[in-house]
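Starting from the known structure of chain A, fit chain B onto it as the hints suggest.
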Amino acid sequence: MMKQSLILLSCTLLLLLEAMVSLWIGRYPVSPDQLFSFLIDRQSTDPHLHAVLFHIRLPRIIGAVAVGGALSLAGAAYQGMFRNPMVSPDILGVSSGAGFGAALAILLSLPAIAVQASAFAGGAIAVFLAVWVSRSIGKNHNAILVLVLSGIVISALFTALISLVKYSADPENRLPAITFWLMGSLADIRMQELPYVLALVTAGSLPILLSGWRLNVLSFGEDEARALGIHTDRLRMIIIGSATLVTASVIALSGLVGWIGLVIPHVARMITGPDHRIQLPLSFLSGGIALLFFDNLARSLLAVEIPIGIITALAGAPFFIILLKIISRETW
Amino acid sequence: MVDQKKLRLHIRDTSLGYRLRKPLLKSINLSISSDETFCILGQNGTGKTTFFKSLLGILPPLSGSITLNGKPLGSFSRKELAKLIAYVPQAHHTPFPYKVNDVILFGRTAHMNFFGSPGRKDLLVVDSILDMLEISHLADCIYTELSGGERQMVVIARALAQEAGLLILDEPASNLDYGNQARLLKKIRALAEAKTGILMTTHQPDQAFLLDAKVLMLSNGSVLHYDDASEALQPDILKKIYGVNVEVIEAGTPGKNPLKVCRPLIDS
Chain A
0 MMKQSLILLS CTLLLLLEAM VSLWIGRYPV SPDQLFSFLI DRQSTDPHLH AVLFHIRLPR
60 IIGAVAVGGA LSLAGAAYQG MFRNPMVSPD ILGVSSGAGF GAALAILLSL PAIAVQASAF
120 AGGAIAVFLA VWVSRSIGKN HNAILVLVLS GIVISALFTA LISLVKYSAD PENRLPAITF
180 WLMGSLADIR MQELPYVLAL VTAGSLPILL SGWRLNVLSF GEDEARALGI HTDRLRMIII
240 GSATLVTASV IALSGLVGWI GLVIPHVARM ITGPDHRIQL PLSFLSGGIA LLFFDNLARS
300 LLAVEIPIGI ITALAGAPFF IILLKIISRE TW
Chain B
0 MVDQKKLRLH IRDTSLGYRL RKPLLKSINL SISSDETFCI LGQNGTGKTT FFKSLLGILP
60 PLSGSITLNG KPLGSFSRKE LAKLIAYVPQ AHHTPFPYKV NDVILFGRTA HMNFFGSPGR
120 KDLLVVDSIL DMLEISHLAD CIYTELSGGE RQMVVIARAL AQEAGLLILD EPASNLDYGN
180 QARLLKKIRA LAEAKTGILM TTHQPDQAFL LDAKVLMLSN GSVLHYDDAS EALQPDILKK
240 IYGVNVEVIE AGTPGKNPLK VCRPLIDS
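Protein chains in written order, with numbering that gives the first Met the number 0: chain A, 0 to 331; chain B, 0 to 267.
Please keep in mind that the hints were generated in silico from the structure rather than gathered at the bench. Incorrect hints may have been included.
[Said to hold, decoys possible] Pair ranges (Cβ atoms, derived): (1) B:133 - A:194: 52 to 60 Å; (2) A:7 - B:11: 47 to 55 Å; (3) A:107 - B:17: 42 to 50 Å; (4) B:59 - A:323: 38 to 46 Å; (5) B:146 - A:1: 29 to 37 Å; (6) A:120 - B:30: 53 to 61 Å; (7) B:32 - A:320: 56 to 64 Å.
[Said to hold, decoys possible] Calculated cross-link-like contacts (lysine to aspartate or glutamate; reagent style DMTMM-like; alpha-carbon spacing at most 25 Å): (8) A:2 - B:121; (9) B:21 - A:221; (10) B:70 - B:35; (11) A:2 - B:139; (12) B:259 - B:205; (13) A:324 - A:274; (14) A:2 - B:126; (15) B:82 - A:222; (16) B:70 - A:232; (17) B:47 - B:205; (18) B:52 - A:222; (19) B:185 - B:162; (20) B:52 - A:232; (21) B:239 - B:170; (22) B:25 - B:235; (23) B:78 - A:274; (24) B:194 - B:162.
[Claimed, not checked] Coverage of chain A stretches by chain B, computed from C-beta distances (three or more under 8 Å per stretch; other residues unrestricted): (25) 209-223; (26) 270-284.
Remember, it's a predicted structure, so these values are computed and weren't measured experimentally. The C-beta atom is built at its ideal place from N, Cα and C for all residues, glycine as well.
Just chain A, same shape as in the assembly (with noise of 0.2 Å):
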């Protein structure tokens, strides 16, 4: 447990460490100097530098953390509960769902805020029809299978919708704001609506960071957990619950940011080892660590803003391919 701690609080201290870098990097120049007046009380002589980093940078820097933490703790506690390392938090159709929500609303024309209200109410609902599907279906028989292929068909039936969407739009203005909303972006993240999303993924979070222990009897398998004293329907519904409720939340702050949710947990796992007591809260980190950085790169690297979701699935897949290669020398 003493090992345990101090992996956690070393990658605690390297993200607050990550942030404060953030806040100096970007186009705006900010002195070393200037940024620490400012961390310390607030004050500036440049009216500018407040504006850009307490309205800009900063709450770019707390979406990206929250955004890549939420997508990873989802990520790991599915890959736990489907007892399958190639799980993302997609499994369900989070992602699908929410991306129709935000299409049919720019289709509309709503304000900002019903946009990602839209988004969140996609996101549950896809994931609500998938566990009903499989639910009608019977859970007699592989329970976790059926419910896998009921995400699929979800997934497909709401990825058919947004064609559907995106074919109806108009091409000058609405379709460019669908297509880019897709691809991901943290640059319009604002700090009055932080505090409604980190209130939400606290509220997701939490149920998951305390099942740790619950997940790792599950993993020798639903029959043999049940013996062993766990309601495993419960379990699972109280995971999808809160994976939904985090994943949601932050895709409607950030649009679809893939890869982070699959690859992160893998890093997590073969730095602390399969228990997901520590596994989870690390994750957790690790996936704020790896969006922040992914984003800086996504601000900092071209003349113009680089989509999030194109930088972390250019990186993410040549680095999962480097994993595999890791990981299938081990167990798993």
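Here is chain B on its own, set in the frame of chain A:
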């Protein structure tokens, strides 16, 4: 609260199987108590897994009732039930490289609160079980790297950590070498003497003699119950179950209590 040490499972006019399919086992009437040892014999595919899943409350009976100390099995929570009935699956692989100590601690889950983690008492229970099964040297090994025999002992230890009065074992000896089989049977016998109910499947009828067990025969959708191994293990019954000729002989040093042994006739 049900007394953990004195359990009685009653199965009355019960059919077992999966919904929307033909029942695998029909009109079973049976009583199993925690001071008895049962060996379950039967061909592959006769419904042993279904039988176990039903006794564990995982698969509800299609008709009839299964009660534990008078209460229907379905009215127990998973947690309550795990403290009363423990299950030992066949030694298996999992993809997760947990330590042996942790695997056995999983058996303590039912004794923890909902989001709980193991406490000091749980660690003590695990230590004493490791000691009793003489596998303390495995405590810090990785479960997935153990041999089949060692894994089997660990899974048994995990079930014992549940401190249940009834132990259900699925072919516990089938993956073990000769020496480990004998050692395992010795442990099972010791558990039975400590008043833990034993219900185990086996493909070795001799084990029923060795354990001085009662016998359940699963055949053609019904469960036949014999109070005594030598009553069950007779050439004509074995022929009916397994389709081979078997003779039952008495063996042992003269003067000591003789042991019956089944010998398949492979010349005829």
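To see whether the hints hold, each was checked on the structure:
1. B:133 - A:194: 52 to 60 Å: holds, 58 Å
2. A:7 - B:11: 47 to 55 Å: holds, 54 Å
3. A:107 - B:17: 42 to 50 Å: holds, 48 Å
4. B:59 - A:323: 38 to 46 Å: Taking Cβ atoms as reference, residue 59 of chain B and residue 323 of chain A lie about 42 Å apart, which means the hint holds.
5. B:146 - A:1: 29 to 37 Å: With a Cβ separation near 31 Å, residue 146 of chain B and residue 1 of chain A satisfy 29 to 37 Å, so the hint holds.
6. A:120 - B:30: 53 to 61 Å: holds, 55 Å
7. B:32 - A:320: 56 to 64 Å: Distance hint for residue 32 of chain B, residue 320 of chain A holds at roughly 58 Å.
8. A:2 - B:121: holds, 21 Å
9. B:21 - A:221: Judged against 25 Å, a Cα distance of about 24 Å means the pair holds.
10. B:70 - B:35: holds, 20 Å
11. A:2 - B:139: Within the cut-off at roughly 16 Å; holds.
12. B:259 - B:205: holds, 8 Å
13. A:324 - A:274: Between residue 324 of chain A and residue 274 of chain A the Cα gap is close to 22 Å, so the pair holds against 25 Å.
14. A:2 - B:126: holds, 22 Å
15. B:82 - A:222: Holds, at about 16 Å.
16. B:70 - A:232: Holds. Residue 70 of chain B to residue 232 of chain A sits at ~22 Å (cutoff 25 Å).
17. B:47 - B:205: Since the Cα atoms of residue 47 of chain B and residue 205 of chain B sit roughly 19 Å apart, the hinted pair holds (cutoff 25 Å).
18. B:52 - A:222: holds, 8 Å
19. B:185 - B:162: Cα-Cα ~19 Å, so holds.
20. B:52 - A:232: holds, 16 Å
21. B:239 - B:170: Within the cut-off at roughly 21 Å; holds.
22. B:25 - B:235: Holds - the C-alpha atoms of residue 235 of chain B and residue 25 of chain B are around 23 Å apart, at most 25 Å.
23. B:78 - A:274: At roughly 22 Å apart (the allowed maximum being 25 Å), residue 274 of chain A and residue 78 of chain B satisfy the hint.
24. B:194 - B:162: Cα-Cα ~12 Å, so holds.
25. 209-223: Contact hint for the region 209-223 of chain A vs chain B: holds, 12 residues under 8 Å.
26. 270-284: Since 4 is at least three, the answer is holds.
Of the numbered hints given earlier, the model fails none.
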